[in-house]
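Residue numbers (my numbering), protein chains in the order written: chain L, 1 to 281; chain V, 282 to 553; chain U, 554 to 800.
Keep in mind the hints are simulated off the structure, nothing from the lab. One thing to keep in mind: the hints can contain errors.
[What the hints assert, rightly or not] Under the rule of at most 27 Å between Cα atoms (straight-line distance), these lysine-lysine pairs were calculated in the DSS-like manner:
1) Lys390/V <-> Lys725/U
2) Lys411/V <-> Lys384/V
3) Lys762/U <-> Lys163/L
4) Lys566/U <-> Lys617/U
5) Lys436/V <-> Lys452/V
6) Lys411/V <-> Lys617/U
7) Lys122/L <-> Lys679/U
8) Lys761/U <-> Lys122/L
9) Lys122/L <-> Lys62/L
10) Lys679/U <-> Lys563/U
11) Lys384/V <-> Lys679/U
12) Lys22/L <-> Lys5/L
13) Lys679/U <-> Lys617/U
14) Lys720/U <-> Lys390/V
15) Lys122/L <-> Lys566/U
16) Lys411/V <-> Lys395/V
17) Lys617/U <-> Lys563/U
18) Lys436/V <-> Lys384/V
19) Lys334/V <-> Lys384/V
20) Lys5/L <-> Lys122/L
21) Lys563/U <-> Lys384/V
22) Lys395/V <-> Lys436/V
23) Lys122/L <-> Lys762/U
24) Lys334/V <-> Lys720/U
25) Lys725/U <-> Lys163/L
26) Lys436/V <-> Lys797/U
27) Lys390/V <-> Lys411/V
28) Lys180/L <-> Lys452/V
[What the hints assert, rightly or not] A short, non-exhaustive set of chain L residues, derived as facing chain V with CB atoms under 10 Å:
29) Val34
30) Gly41
31) Asp205
32) Gly226
[To be verified] Chain V regions said to be covered by chain U (calculated; three or more residues, Cβ under 8 Å):
33) 351-360
34) 363-370
35) 511-525
Even glycine gets a Cβ: it sits at the ideal position worked out from N, Cα and C.
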Amino acid sequence: MPIIKVESLFYRYPESDSPVLKDISFAVDEGEFVIVTGPSGCGKTTLCRCFNGLIPHFYGGKMDGVVEVDGLQVSTTSTSELSMHVGFVFQNPENQLFSLTAEKDVAFGLENLGIPRDEMRKRVDWAMETLGISNLRDRLPQELSGGQQQKVAIASVLAMQPKIIVLDEPTSSLDPYSAKNLFEVVARLNREFRITIVLVEHRLDLAAQYADRVFLMQDGGLGIQGDPRDVFSREDVRLLGVGIPKSVLLGQTIEAEGFKLSSVPLSASEAAELLRKCVFS
Amino acid sequence: MIRIEGLSYTYPTGIQALKDVSLELRDGEFLAIMGENGAGKTTLVKHLNGLLKPTSGRVSVDGVDTREASVASLSRTVGLVFQNPDDQLFSETSEDEVSFALKNFGFSKEVMEKRVSWALNLLGLERYRKASPLMLSGGERKRLALASVLAWDPKVVVLDEPTVGQDHNQKEILRQFIVQLNAQGKTVIIVTHDVEFVAECAPRVVVMSRGRVIMDGEARRVLCDESILGQASIIPPQVAQVFYMLQDLGFPRDVINVEDARRFIVARVRPG
Amino acid sequence: MTLRVLDGLKFRKAASPIHTLDPRTKMLSAAFFFFATVLFSEFLPLMILFMVQLPFIAAGRIWKEWARSMRGALFLGIMILVMNLIFSQGLVYSIAMTTRFLGLLSSFSLFFLTTSPDDLSLALQKWHIPYELCFAFTTAVRFVPVLANEAQTIVDAQRSRGLELEKGNFIKRIRNYIPILVPLIVNAIRRSLDLAEVMESRAFGAIKKRTSLFELRLGSGDYVAFLLVAVGVALVLYARLGVKIPF
Chain L
1 MPIIKVESLF YRYPESDSPV LKDISFAVDE GEFVIVTGPS GCGKTTLCRC
51 FNGLIPHFYG GKMDGVVEVD GLQVSTTSTS ELSMHVGFVF QNPENQLFSL
101 TAEKDVAFGL ENLGIPRDEM RKRVDWAMET LGISNLRDRL PQELSGGQQQ
151 KVAIASVLAM QPKIIVLDEP TSSLDPYSAK NLFEVVARLN REFRITIVLV
201 EHRLDLAAQY ADRVFLMQDG GLGIQGDPRD VFSREDVRLL GVGIPKSVLL
251 GQTIEAEGFK LSSVPLSASE AAELLRKCVF S
Chain V
282 MIRIEGLSYT YPTGIQALKD VSLELRDGEF LAIMGENGAG KTTLVKHLNG
332 LLKPTSGRVS VDGVDTREAS VASLSRTVGL VFQNPDDQLF SETSEDEVSF
382 ALKNFGFSKE VMEKRVSWAL NLLGLERYRK ASPLMLSGGE RKRLALASVL
432 AWDPKVVVLD EPTVGQDHNQ KEILRQFIVQ LNAQGKTVII VTHDVEFVAE
482 CAPRVVVMSR GRVIMDGEAR RVLCDESILG QASIIPPQVA QVFYMLQDLG
532 FPRDVINVED ARRFIVARVR PG
Chain U
554 MTLRVLDGLK FRKAASPIHT LDPRTKMLSA AFFFFATVLF SEFLPLMILF
604 MVQLPFIAAG RIWKEWARSM RGALFLGIMI LVMNLIFSQG LVYSIAMTTR
654 FLGLLSSFSL FFLTTSPDDL SLALQKWHIP YELCFAFTTA VRFVPVLANE
704 AQTIVDAQRS RGLELEKGNF IKRIRNYIPI LVPLIVNAIR RSLDLAEVME
754 SRAFGAIKKR TSLFELRLGS GDYVAFLLVA VGVALVLYAR LGVKIPF
C-alpha cells in the first residue's frame with residue numbers, strides 16, 4: 001500500500017525561471033526504507049520538502065502534479081496537519097533545538113498541537129526512551145554532542161507519532177561512529193514501529209545496508225530507482241559519481257577476475273562473508 | 282618545517298584540550314589529522330598560525346616560535362582554511378573576497394591583480410568574479426574560501442574538514458586538487474574524519490584522542506588498527522574492515538583500497 | 554572586566570530552595586528590593602538591604618557567579634563614589650549611593666542566576682504576554698552561547714587572513730569590524746530561516762491554545778517568601794515614616 005504517491009511533480013522556486021523538480025513520479029509503500037541520493041544540486045532537498053508541506057506552503061513557488069502523503073494532498077493540507085503524518089529531521093542539529101532542556105524540545109511539537117499534558121508526558125518519555133536519551137532530559141542543547149542533538153531532534157519528531165519520517169542528510173556534520181549509530185537507530189524505528197523512512201544521504205557506505213530501495217536523482221529528475229544491490233552495481237551509476245560503498249566496488253573487482261559471488265555486498269561484513277563462501281572455500 | 286614539542290593547551294574555561302603533543306612536519310609533507318569531535322584536532326592546528334599560544338611546550342614554524350610572532354605574520358606561511366566558508370565570506374564580490382588577505386598582507390596592486398586572477402581560475406570561479414559570494418552555491422563558496430587562502434601562496438595549507446557536505450564527485454575533484462598542491466611542494470594538512478577520503482589520499486596519518494596523539498604513521502598501518510581508531514570514534518575503511526574479518530584466513534592488516542585488495546586476493550587464489 | 558557583570562545575569566542550574574521558588578515569587582521579591590533600595594538615601598538602611606540578600610545568595614548556591622559579577626561592578630561602583638565626591642555630596646552619602654548601586658545589581662543578579670529563562674517564560678505567559686514573544690525571548694537566550702562561539706570563530710578566520718583588529722587609526726579600527734559583523738549577521742539570518750523551517754515542520758502556530766509540558770505551581774516556599782516580603786514592606790515603611798535614621 002503506497003503511503004507516498006508522487007505523480008508528474010514539477011516545482012519552481014518563486015524567484016526562479018527554471019524548475020528544480022522535473023516530472024517526478026514514484027510511490028513508496030508503508031514501512032519501506034528508502035534512500036534518496038544524487039549529486040549536489042539535483043533536487044533531493046527540494047523533493048523532501050514536498051512531503052511535509054514546506055513546499056508549497058512555506059516556500060511558495062509553483063508546484064504542479066500530485067503529491068499524496070498518507071492519503072492527504074500536500075497542496076491543500078496545512079503543514080501543521082501534515083506534521084502529524086510526516087516528521088522532518090534536518091541537516092543541522094544545532095538549529096533544530098529551541099529550548100533550554102532536551103525534554104522541552106521533545107515536547108515542542110506536542111505543545112504546538114495542544115496535546116493534553118498527561119498524554120504529552122507519556123509521549124515524551126516514550127520517545128526519549130526509544131531513542132535511548134532519557135538520561136539527557138535536563139541537559140542544555142550546547143552540552144550535547146552533534147549525535148545526541150540529532151537524537152533529540154528525532155525524538156521530538158517521533159513524539160508526534162508520524163507514519164513517515166524524512167531525514168535530510170542528518171549525519172552531515174557527525175563523526176563516523178555517531179553517523180553509524182544514528183542510522184542504526186533509524187533502522188530500528190523502521191523495523192520495530194513500521195515507520196516509513198525517506199533518507200537523503202551521501203554517506204552510502206554506512207547507510208546502504210538498511211535500504212529497501214534507492215532513488216537516484218539527477219538534474220531535478222528521478223533517473224534510476226530500485227534495490228540498492230542492483231542500483232549500485234550499475235556501470236552508469238558509478239559513472240555518475242555517486243559514492244558507491246567500497247564493498248560493492250570490491251565485489252565488482254573480484255567478479256571481474258572471474259570469480260562468482262552469490263550476491264552484491266552492501267557492507268563490510270557482507271563482503272567478508274561472500275569472499276569466505278564464494279572465493280575461499 | 283613545523284616543530285611541535287610537548288604542546289599542552291588549556292582553554293580559559295579550564296578545559297585541557299591538548300596534552301603533551303609532539304609532532305614534526307618536514308616541508309612538503311602530506312598529513313591527515315584524525316580523531317573524534319573534541320579530540321583537539323582544530324585546537325592543534327590553531328597553534329600553527331598563532332591563533333592559540335601554548336600553555337606549555339613550544340610550537341615553531343620555520344624556526345620562528347609562535348609565541349613571538351603575530352597571527353598575521355604566521356598566516357603568511359600557514360594558510361588556514363576553516364570548515365565553514367560562511368564564517369569568513371563578507372565582501373561584495375568574489376574578487377574583493379580573494380584580495381582581502383592580499384590587501385592585509387600589503388601586496389602591491391599589480392601583484393594582487395595577478396594573484397586574484399590566478400586563484401579564481403585555479404578554482405574555476407573566474408565567471409563569478411563580479412558576483413556576490415552570497416549568490417554562490419555551498420560548494421562554490423567552499424572553493425571561494427579556498428581560493429582566498431591560496432591567493433597569497435602560503436607554504437603550508439591547512440584544511441579543516443574539507444569534505445563535509447560534499448558529494449562524491451566534489452570530493453574526488455578536491456582530492457586531486459590536494460594531491461596536486463602537495464606535488465607542487467606545499468605542505469598540506471587536512472583535518473578530517475572522512476576515513477575513506479584519507480584512504481584514497483594515503484598520506485601520513487596522525488590519530489588524536491582526548492588531547493593526545495595516539496598514533497602517527499603511514500595510512501596503510503594506521504587505518505587498519507581497529508583498536509586505535511576505535512578510541513578516536515573512527516571506523517576503518519570498508520576494505521580494511523573486510524580484511525580484518527578475514528584475518529583467520531591469513532589476510533594481512535595493511536590493505537586500505539580496492540585495488541590492493543584485488544591484487545592480494547588474486548595472488549592468493551591463483552599463486553604463480 | 555566590566556563584562557564580568559553580565560556573568561551575574563546568566564542562569565546557573567543548581568538544586569537549591571531559591572531555584573525551586575516560583576519565578577513570580579522571585580520577581581515580587583526583586584521588585585521589593587528595588588523599591589526599598591530606591592526609598593532610602595541613607596547608608597544604614599541601604600547597607601542592611603544589601604546584607605539581607607546575602608543569606609539568600611548562599612541558599613541559592615550562586616556565590617561564585619554572584620561574586621564575579623560584584624567584582625566586575627566594582628569599577629562602576631568606584632566611579633559612582635568618585636563622581637558623588639566630586640559633586641561635594643559628602644563621604645557618607647557617596648558611600649550610600651555606591652551601596653545602593655551594588656544592592657540593586659545584587660538583587661537583579663540573585664533573580665537571574667536562580668531563574669531559568671524557561672520558567673520565566675512560563676510566568677510571563679501566565680501574565681498574558683503573547684507566547685510568540687516569550688518564545689522569541691527563550692530562543693534568543695538559548696542561542697547566545699552559539700552566537701558567541703560563532704563570533705569567536707569568525708574573528709579567528711579573519712585574523713588568519715591577516716586582519717589585525719588593533720591596527721590603524723580610529724576609523725580604520727571601526728572598518729576592521731566589517732569582516733566580523735557581516736558574516737555574523739548573514740549567519741544569524743540564515744539561522745533564523747532554518748529555525749523558521751523547523752518551527753513550521755513542528756506545527757508551530759497550529760492552534761491558539763498551546764499546552765505546556767511544565768506548569769508553575771506555588772509551593773510552601775513561595776508562601777514563606779510572600780510572608781517575608783510582607784514583613785519586609787512593613788519594616789521598610791516603618792523605618793521610612795516612623796523612625797529617625799542616624800546615617
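Legend entry - Pairwise hint evaluation, Lys122/L against Lys5/L, where the allowed Cα distance is 27 Å at most: violated (32 Å)
Inset, instruction - Compare the distance between the alpha carbons of Lys384/V and Lys679/U with 27 Å, and conclude whether the hinted pair is satisfied. - result: Roughly 56 Å between the alpha carbons, so the hint for Lys384/V and Lys679/U is violated.
Legend entry - Pair hint outcome, Lys122/L versus Lys62/L [Cα-Cα no greater than 27 Å]: violated (40 Å)
Inset, instruction - Please work out if Lys395/V and Lys436/V have their alpha carbons no farther apart than 27 Å. - result: With Cα atoms ~18 Å apart, Lys395/V and Lys436/V stay inside 27 Å; holds.
Inset, instruction - Could you grab the alpha-carbon distance between Lys390/V and Lys411/V and see if it respects the 27 Å cut-off? - result: holds (18 Å)
Legend entry - Given pair status - Lys452/V, Lys436/V, alpha carbons within 27 Å: Given that 27 Å is the threshold and the Cα spacing comes to 23 Å, the pair holds.
Inset, instruction - Could you check if Val34/L really has its C-beta closer than 10 Å to a C-beta on chain V? - result: Hint on Val34/L: violated, closest Cβ of chain V at ~18 Å, above 10 Å.
Inset, instruction - Would you check the hint for Lys720/U and Lys390/V, treating anything up to 27 Å between C-alpha atoms as holding? - result: With a Cα-Cα distance of about 21 Å, the restraint between Lys720/U and Lys390/V holds, given a limit of 27 Å.
Legend entry - Status of the hint placing Gly226/L at chain V (closest C-beta pair under 10 Å): Because about 19 Å separates Gly226/L from the closest Cβ in chain V, which is outside the 10 Å limit, the hint is violated.
Inset, instruction - For the pair supplied as a hint, Lys761/U and Lys122/L, confirm whether the alpha-carbon distance does not exceed 27 Å. - result: holds (23 Å)
Legend entry - Pair hint outcome, Lys617/U versus Lys563/U [Cα-Cα no greater than 27 Å]: holds (12 Å)
Legend entry - Restraint status (C-alpha distance of Lys122/L to Lys679/U at most 27 Å): holds (24 Å)
Of the numbered hints given earlier, the model fails hints 6, 9, 11, 13, 20, 21, 25, 26, 29, 32 and 35; all others are met.
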